[in-house]
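Asks: Work out the full structure, taking the sequences as your base and the hints as a guide.
As you go down the protein sequences, you meet chains Z and Y in turn.
Under the working numbering, the first residue of the first sequence is numbered 1, with each subsequent residue one higher.
Under the working numbering, the first residue of the second sequence is numbered 1, with each subsequent residue one higher.
Hints listed in this document are in silico derivations from the structure and should not be mistaken for laboratory results.
Among these hints, one or two may not hold up.
[Said to hold, decoys possible] Calculated cross-link-like contacts (lysine-lysine; reagent style DSSO-like; alpha-carbon spacing at most 27 Å):
hint	chain 1	residue 1	chain 2	residue 2
1	Z	K253	Z	K373
2	Y	K340	Y	K237
3	Z	K61	Y	K290
4	Y	K290	Y	K340
5	Z	K89	Y	K290
6	Y	K56	Y	K237
7	Z	K253	Z	K89
8	Z	K206	Z	K219
9	Z	K91	Y	K290
10	Y	K237	Y	K54
11	Z	K62	Y	K290
12	Z	K206	Z	K62
[As the list claims (entries may be wrong)] Label-pair restraints from in silico Cβ distances:
hint	chain 1	residue 1	chain 2	residue 2	range
13	Z	G120	Y	E322	30 to 36 Å
14	Z	R57	Y	Q373	54 to 60 Å
15	Y	R144	Z	E249	47 to 53 Å
16	Z	P44	Y	E121	19 to 25 Å
17	Y	R162	Z	E93	41 to 47 Å
18	Z	T41	Y	S29	53 to 59 Å
19	Y	G193	Z	R66	44 to 50 Å
20	Z	G5	Y	P227	55 to 61 Å
The beta carbon of each residue, even a glycine, is placed where N, CA and C say it ideally should be.
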Amino acid sequence: MANDGRETVITGIGLVSCLGEGADAHWDGLSAGSLIVDESTYAPYPVHPLAPIELDRQIAKKGDQRQMEPWQRIGTYAAGLALDSAGAKGKAELLERMDMIVAAGGGERDLTVDETILAGLRTAEDADTFLNTRLMTDLRPTLMLAQLANLLAGNISIVHGVIGSSRTFMGEEGAGIDALRIALARIRAGQSDIALVGGAFNTERKDSIIQYDFGSYLKGRYRPVWQRGPEGGLVFGSLGAFLVLEAREHADKRDAAPMARLSAVLSRRSSRRPGDVTASLEASWQDLAGRLVSDGLALISGATGAEPATAEERAFLAAHPEVPVRATGSYIGHALEPQFVMNVALAALAVNRGTLFSPGDPSVERPMQGPLKQVAVTGIGHWRGEGLGLVDAA
Amino acid sequence: MASNRDKQGRPVVAVTGMGIVTSLGAGKSDNWQKLTAGQSGIRAISRFGTDGLKTKIAGTVDFVPVDPRSAPELSERIAVLAAEEAIGQAEIGSRGDFPGPLFLAVPPVELEWPQRRALAEASSANDTVGYDALLRASQDERFRAYRERFMFCSVGDRLADRLGTKGSPISLSTACASGASAIQLGVEAIRRGEADAALCIGTDGSVYPESLIRFSLLSALSTSNDPPQGAAKPFSKNRDGFVMAEGAGALVLESLEAAQARGATVLGVIEGCGEMADSFHRTRSSPDGKPIIGCIRRALDDAGLAPDEIDYVNPHGTGTSENDRMEYLGMSTVFGERAKELPVSSNKSMVGHTLSAAGAVEAVFTLLTLEHQRLPPTINYNVPDPAIPLDVVPNRARDARVRRALSNSFGFGGQNVSLVMAREPA
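Replies: Here's what the structure looks like:
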């Protein structure tokens, strides 16, 4: 940590979730403790549905919108908001040099096609031939492009013109943590001047819930993440989150106002034996020790509600009772890849305003006294990946 | 003695270990022998029935037993084979303890039809099998293994466990450029001084019905099923698409300084990486070739080289009408008149298109080309395309003096990555 290289700031933020779009909607929603949960459409799985957005405002061409599945539209939209907020939208010279790291899963399926084929397979004489024939006729040829992980980045290039570089990291929560870590390391080392980093997730689809239903998903009535107990689970939320990261000297040169400073992103991988998550967080916390402020520090937790990860994070937090905590997942839900980026963005909004939004669940969260100067951000994957970020006032 | 720093003052990045698996076989020795003999690994698909398909061939890796079969399972298995060969050659770390990070190019994963059918059968639904029924069935304990297997991070996580790489493994998906992106990230980490060594793997074991049909529906695949070995015809006038294939390539990258300090044999040097995304279309290149041209030029700039200093090109060379035409436009623009004489041979004519693995597989072949000073051929080159006047090293391997080579990887979604490799440190 001795040599950090170039100072890196956040100059653009683009957010959409169940709370709405943009910084103010998120700030207001979190401050008010707004709870937007749909417990019926996907029952017994509660979800936080995306607030309505006017796609035309960020994705001008209907043709482009049609070429995307919802997760790509959400992400392309949020990326546009981030570019707007950074004052980079439409600036070809800047966008040609702008690097991009997207954290993505993808793979949205055509549920009707799947259901029809599964029904037919039951009576098909030759299952292989039946499957081949039906897929050849029933799949939309362009569906693959709406499924591929890297086609969110591809759509951002097409719609917004970001072409400096394009990298997509896959792998649930860890992908978002590493996307920010690598983008930050590249800027610090002078390998990059400006980067668009983020991702998107659409929860309003049953094919995705299946993947995470094998023991990780909360069923029945919604509860805040800290109250889901030993049988807890995650609750998905549709959201998109993008940040524009920039070397401070680069931001200064183009008169872009920094909203916050991204001071550190650490990621770890443990095998999740009992106690691993607590130890992993504590080790990262110690790595940051020299740079944590004694007054004005808070923590935004990315706790998912999935166990045992959330209980272990809680044990870590209990060892640092002086730090006020906020778990945003209770309000925006969990979105895997972009979750950490979303929480770093919310941390940036908080330090930019110099105050923390109101506490939720009083068993863990309490009001913060005095001005906010610094926010630590945890990102504990529901199965793998542990991250810790640090955001300071610009 | 060569400097440990490049022209820009950054640590020189050496390759000290390589491993490879393709439809031709496992290991560098077997692959190189067959590749330079002009043998094809493309064959009729036997893994599943092909009735009802237009394309019935692929470069599958059938010699690695996998049960139960799935794309992530096979991708992981062949990645392990390639990685262990590379680490063994580098003689770095100890077994299960690789002293650096993992950058992994891996195909996107999802439940496949055998799993979906198992859920449907367990759902005991009647004639209609809705997703609600699948969701109910999925809660059965016996399907728990699906959860980990089909998470996007699972191949990387298991490789990190087995190989003992350090830190959080990064799983990359930049379509058919993924393997090159993995190498690029490893190079950058070493140049930043973050790591002395990095393990970069590209792997792809995803020949299954739906993956093949997806490419087929985009008219990207060759339908020249008979004989399978003749299907992949890069740069030929009668080329009719690429052939899907499986494989894995692994490289141990090290800072030259660290490699020399421990007395490692340097197999080659990654001198430069270039990248430029294409904003024109989801599957087609910008007609002016600007992104491909920019990508190659950025790689040369990164290496601090003039175009004249490249002696050989390992192209993306898929054998689709579009790719080969646009790649020629890129090369003829960057290399000018010299493009006519510069040897350019496509490994894909023999091993097919290994998709997520291609950039890593072809980096290994490019480094073997440098090591052996012998150019593998482009086979099936019987009808030259007058619009692509390149020296494709037609049909027969030949010896050549090659100091530096360029390897191109392009993918859907506007992904373009070029790597510059040299035999020896400058």
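Asks: Hint by hint, note whether the structure agrees.
Replies: Status of the hints after comparison with the structure:
1. For the given pair, K253 of chain Z sits about 25 Å from K373 of chain Z by alpha-carbon distance, which is consistent with the 27 Å threshold.
2. Proximity of K340 of chain Y to K237 of chain Y is assessed by CA-CA distance (about 17 Å); at most 27 Å being required, the pair is judged to hold.
3. Distance hint between K61 of chain Z and K290 of chain Y is fulfilled; the C-alpha atoms sit about 23 Å from each other, no more than 27 Å.
4. Restraint check: the Cα-Cα separation between K290 of chain Y and K340 of chain Y comes to about 20 Å, which is no more than 27 Å; the hinted pair holds.
5. The suggested pairing of K89 of chain Z with K290 of chain Y holds, with an alpha-carbon distance near 21 Å, which does not exceed 27 Å.
6. Only pairs whose Cα atoms come within 27 Å are accepted, and K56 of chain Y paired with K237 of chain Y is accepted, the gap being roughly 22 Å.
7. Between K253 of chain Z and K89 of chain Z the CA atoms are separated by roughly 17 Å; this keeps the pair inside 27 Å, and the hint holds.
8. Simply put, K206 of chain Z and K219 of chain Z have alpha-carbon atoms about 14 Å apart, close enough for the 27 Å limit, and the pair holds.
9. Of the supplied pair hints, the one linking K91 of chain Z and K290 of chain Y holds, its CA atoms being roughly 18 Å apart against a limit of 27 Å.
10. Using a Cα cut-off of 27 Å, the hinted pair K237 of chain Y and K54 of chain Y holds, with the two alpha carbons roughly 21 Å apart.
11. This hinted pair checks out: K62 of chain Z and K290 of chain Y have alpha carbons roughly 26 Å apart, not beyond 27 Å.
12. Among the hinted pairs, K206 of chain Z with K62 of chain Z is consistent with the structure: their alpha-carbon atoms are about 26 Å apart, no more than 27 Å.
13. A C-beta distance of roughly 35 Å is found between G120 of chain Z and E322 of chain Y, which places it inside the suggested range of 30 to 36 Å.
14. R57 of chain Z and Q373 of chain Y have their C-beta atoms about 58 Å apart, which keeps the hinted 54 to 60 Å range intact.
15. Take R144 of chain Y and E249 of chain Z: their Cβ atoms lie about 51 Å apart, and the range 47 to 53 Å holds.
16. Distance hint check for P44 of chain Z and E121 of chain Y: the Cβ-Cβ separation is about 22 Å, which falls inside the suggested range of 19 to 25 Å.
17. For the pair R162 of chain Y and E93 of chain Z, the supplied restraint of 41 to 47 Å holds, since their beta-carbon distance comes to about 46 Å.
18. Distance hint for T41 of chain Z and S29 of chain Y: a CB-CB separation of about 58 Å, consistent with the stated range 53 to 59 Å.
19. Range check, G193 of chain Y to R66 of chain Z: Cβ separation about 46 Å, and the 44 to 50 Å hint holds.
20. For the hinted restraint 55 to 61 Å between G5 of chain Z and P227 of chain Y, the CB-CB distance of approximately 56 Å keeps it satisfied.
In the structure shown, no violation is registered for any of the earlier numbered hints.
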